[in-house]
Amino acid sequence: MGYIALLIFLFILIGLALVFVFVNKLLGPKSSDALQDYPYECGVPLYDKSAQSTFHQGYYLLGLLLLLFDIEAAFLFPWTVVYRYLGIFGFIEMALFILILTYGLVYAWRKGALNWQFEEESL
Amino acid sequence: MPWAKGEEFLDLKERFKGLEIEEKATITILRIDKSQLIDLLKALKEEKGFKLFIDHSVVDFPDKKPRFEAFYILYKVDEKKRIVVKTWTDGELPSIEKLWFAGKWAERECYDMFGIRYEGHENLVRAFMWETYQHYPLRKDFPLEGYATEYLPSLNEVLWGDNLQGLMNYDRMHTYVPTLEDLEITEKKRLKKKAQIVLNWGPLHPGTHGTMWFLFDLEGERVYQCDVILGQLHRGVEKLAENEMYNQFLVYTDRMDYLSALCSNQAWVVAVERLLGIEDLVPEKAKYIRTMMSELQRINSHLLWLGTYALDLGALTIFLYTFKEREKLMDIIEGITGARLTISYTRIGGVRMDLPEGALEVIRAFIKRFPKELEEWERILSRNRIWLRRNIGVGVISKEDVYFYGLTGPVARGSGVPYDLRKFEPYDAYGWVEFDIPVGENGDVYDRYLVRLEEMRQSLRIIEQCLNALEKMKKAPFFAESPDPKKLKLSLDGIGLKVPEGEIYSSGENPRGELGFYIYSKGGIKPYRVKIRPGSMYNLCIYPKLMKDRVIADAVTVLASLDPVVGEIDR
Amino acid sequence: MEGFVAWLIITLIKILVILAVVLGVGAYLTLLERKVAAHIQRRPGPMVVGWHGLLQPLADGLKLLTKEDLFPRYGNKFLYNLALVMALVPATLVFAVIPFGPEFELFGIKIKPMLTDVNIGILLVFALGSMAVFSIALAGWASNSKYALIGSMRKAGIIVSYEVVITFAVMGPIILAGTLSTYDIVQKQIDQKLWYIWLQPIAFVVYMFAMLAETGRVPFDVQEAEAELVTGFTVEYGGMKFGLFPLVEWYIEVLSLSAIAVVLFLGGWSPINIPFLGFLDPLFFLGPLSPFVWFILKVSLLFLFVLWLHWTLPRYRIDQIAETAWKVMLPLTFVNLVFTAIIAPLIWR
Amino acid sequence: MVKRVFERPLSWIERIFFIDFIRGLSITIRHAFRRTITTHYPYEKLVPPKRFRGFFGHKVVDGKEPQPAFDEWVERFKIKVEVGKSRCVVCMLCKRACPVPQLFEIEGEKLPDGRRRVSVFNMNMMLCTFCGFCVDACPVDCLFQSDIHETASYTRRDAVLNLEILEKIGRDWQRRREEEPDRIWIDDKNRERLWYENSVKLPEVKR
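Protein chains in written order, with the numbering used here: chain B, 1 to 123; chain S, 1 to 571; chain G, 1 to 349; chain P, 1 to 207.
Check before you lean on any hint, since a few could be wrong.
Calculated cross-link-like contacts (lysine-lysine; reagent style DSSO-like; alpha-carbon spacing at most 27 Å) [to be verified]:
id, chain 1, residue 1, chain 2, residue 2
1, S, Lys76, P, Lys3
2, B, Lys30, G, Lys67
3, P, Lys3, S, Lys423
4, P, Lys95, S, Lys486
5, S, Lys368, P, Lys50
6, S, Lys472, P, Lys50
7, S, Lys474, P, Lys50
8, P, Lys201, S, Lys368
9, S, Lys368, S, Lys474
10, S, Lys239, P, Lys95
11, P, Lys50, G, Lys35
12, S, Lys65, S, Lys34
Hints listed in this document are in silico derivations from the structure and should not be mistaken for laboratory results.
None of these values were measured; they are calculated from a predicted model.
Could you put the whole structure together from the sequences, leaning on the hints where they help?
So, in structure tokens, the structure goes:
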């Protein structure tokens, strides 16, 4: 039942979002200017026409780390709920788990994955 | 005035054949043949200690052969001495980019304006005009009205089919305007793409403090290489100066560094007074008023810097707080001079008007309260961990860089070079008041921030001393009286002021660095050539170096700490 | 059958109420923000449209609605619009699991003042929260503007970093409560006579940091950083589309995350807590309305605190933010987790 | 002489308890409860100081001309003096002092009785830099700058001030503010709002 309500809410919201997407097309004025759809780059000609090229950002490693840690977190969530029934055994197991996680973090740290990419490259 | 003495260079005479030493009251010149120029400059820099590059340009004499006279102005910070090196050329000069990076920009400007070619210049592209422009505007044979080629219909005409008559009926034929293609060629010529994307940062961008155009070649967010395209605000002020009377040019100094108009006014007026030799004639009261006003303006300018700097780093509220105080300063300046931004208050020989009633009281009230406000902003910013992390270690300028890049003003002082013209060659009342030169240690952005804050405090000290002095001379004259009105006519409107033949380089300490005027006078009511040394431009020339391997977020930090004003850079 | 119809009607009413509250309050929070900012900066703020600018949000909305619909050259239209849907939907969906007050009875029907009390409430909140990264990445990519691209990448990097931190930060209160349902967590705090902030101050501070980072508030507003990136990933959006992104990011998300913070750390709708002893309710005279008022009060105080920070602090640089997340915040949450696991049995007794 | 400025590192206590944030926050919250200082512009306006350099005007002949300069110039150019009309003696000094002389269009006309008077005096405000050199140059205190600062207009033609407008501005000025003392500014509710923290006390002046 609870999830059906969520689903109803989801559809209503999608409908609402679509309204917002198209409302300007209906209500707004229409004009035609040769350069009105020119991508914003401070009023001068673009050096490269498309911005959709490769973009080195140094987030890739962060993304990988997110995957790792979020999956670990997903493991931990059920444990947090049932921790009170597990007793000392649960505690030790969790401590080990977090220890491994911490070791992973330290490893990533030592490898320089957490440093911003440009600092690493200048080494 | 601190010009180097001729006898100091006698030993150079043996090494350099044909070295002529010329010593005048307003200038000391070393003349040398073009072939030995680089050696002489090198000797001056490395042996004689004239390390700081001030300015370089040429003067055009269309009737002479060779046609151009080039000059290089150098400064020795330790002994407070200045020297000018001159040489004649017919359109080619050796480049000094190995000796001073700042020379590179000066040479580009010279190439742009006079068409001088520099041998050995690594990147000789136009400084202000776009790449496809054909002419050299500062040559004497370039017509003042430009070459009319484009038709620009007026707005009214388009809207209402209106044909304007009388005074409004000005010529609609206009000089060249760059097209998108021209700009694209310029852009491509300035920067060869080496990394992933080239980002146009400016000219219409909130973070560039005016209309500056930066090209960032980005590897992710890291700036791989950077280039600056100037000239968006170029109005040919130097050309105008050649065609205006000495007093009238004052109006254009307002519009160069529009944030510190009074300081620019003062620098220009002092330069002309020195050229005329009437510095002593100017009444004491006028000197005190000028000093006080330009210190008020300095605070005003630094407040704008602080506000926009904090704004760039995300602290929006400080911006409004500084503008609150700035508004008060504007009120004061408006009440005394009649204008808020383009002030034109000083005149050759004094100031335009005496102080009005109540001015001293208001200024006193202001400086009494101001330190408290300053302290409040410091409590928000100076010790804030975010502020510290954003500022410390960013944009580090070493002492050698200061000389190599010709940096002046708070940027030089932030790196530990106590270069302050108010102390080094005091003009107006600066010799009579006490103040300290704040000097930084590491030369990073944070040091420049601290230096500017301390400068505001020192300005308050100066203003207070000026107030005390001014209170004692309520009835004193504020304008010089000419000893011989037939020979030298001094008036508020400046009609009939004739300046004798001569040349001078004189500079004032602007909030953004040294604003210098090289005036070449052939006699008469108009100068023959005025070269303006813009502090902002030479301060900006270190920017590409500072930005290398930094991220875009540091771009605003570094730029704001250099604090350029485009009106002054482009002139 | 009849039960289902009644349930459907109640659900629809709840949805309507939530939508009205979220969008209406969201719109008026813009006015609140402008007023707060203005007074901090010694200005009166909007004063012209309505009494003290009270109709300003309507005027702004009207203006945004009647703007021309522009689409950047060389962009991707489908993704460009999809980004907007992806931004609005998950952010608002979070309100489905936020309990505004205790269960009450109306016309003989027991109603929980939340859309649905699912037993994985908190997990749902953070799952939906991390959806924001898609919308932002898409918006930046589809706009075909370098500023948008950089802004969206920055924001994606922040969300990626702080998503981990925030999930580990909320584990402390969950251990103490032993449930993932938002309603039950509040109920547990009332039963245990303890707001979890007293035992979880580190988690709370970390949560606040992460909340500011995820919503792009100062000192973490690098994605828009108007001095560097103009407006970041929304630079090519116009009209209502442009209006929605800040609305979602700065108001709806701040609101929902503040509400979650109240649920997790500040005891939901419960009045002022004296640890282990009980509750003190100065608003007792409001009777059954008092819990709702408390909840709204706490959320709005948190929101005001966020505004206060926003209009005081400068902003971090992106690499500093990411490094803070991994090198300071994450180890802190680990320490907090172990600490909580040790003291948790004392609380259950 | 030389003052060194330097940074001090944050202490651990400051770091852990966010002392630096709290300091900043305490200042902003204090400001939030103080009076606002802005002028609500189109509804409230500041009165510009007397020296304000705004739009131009011609003072009219009203018996308060600077003597003996006025009589001398009138005699020199054989100007017909009429009460209530512009004091201009068509000396062209303003045009000579101007950095942008194209903005002036000045002509005199010869009257039947042999005297002259100004007939055309146009100023194109689009070219003006508002520097005030022309005002300094005016020998008879005719051309002056008023406190009119809201000068936006819909057409370019409105930017040209002709003799009629100049005289109107002049008469208005002479009626309103001529008598005012040369003070830094007049007391004004809006300006007081900005300056209230500084508690400025200016000598009393009646207006």
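These are the hints, each one checked on the structure:
1. S/Lys76 with P/Lys3: Holds. S/Lys76 to P/Lys3 sits at ~21 Å (cutoff 27 Å).
2. B/Lys30 with G/Lys67: Holds, at roughly 9 Å.
3. P/Lys3 with S/Lys423: holds, 13 Å
4. P/Lys95 with S/Lys486: holds, 23 Å
5. S/Lys368 with P/Lys50: Roughly 25 Å separates the two Cα atoms, so the pair holds.
6. S/Lys472 with P/Lys50: With a Cα-Cα distance of about 25 Å, the restraint between S/Lys472 and P/Lys50 holds, given a limit of 27 Å.
7. S/Lys474 with P/Lys50: Between S/Lys474 and P/Lys50 the Cα gap is close to 20 Å, so the pair holds against 27 Å.
8. P/Lys201 with S/Lys368: This hinted pair holds, its Cα atoms lying about 13 Å apart.
9. S/Lys368 with S/Lys474: holds, 22 Å
10. S/Lys239 with P/Lys95: holds, 21 Å
11. P/Lys50 with G/Lys35: Violated. P/Lys50 to G/Lys35 sits at ~35 Å, over the 27 Å cutoff.
12. S/Lys65 with S/Lys34: holds, 14 Å
Comparing the model with each earlier hint shows a violation of hint 11 alone; every other hint is respected.
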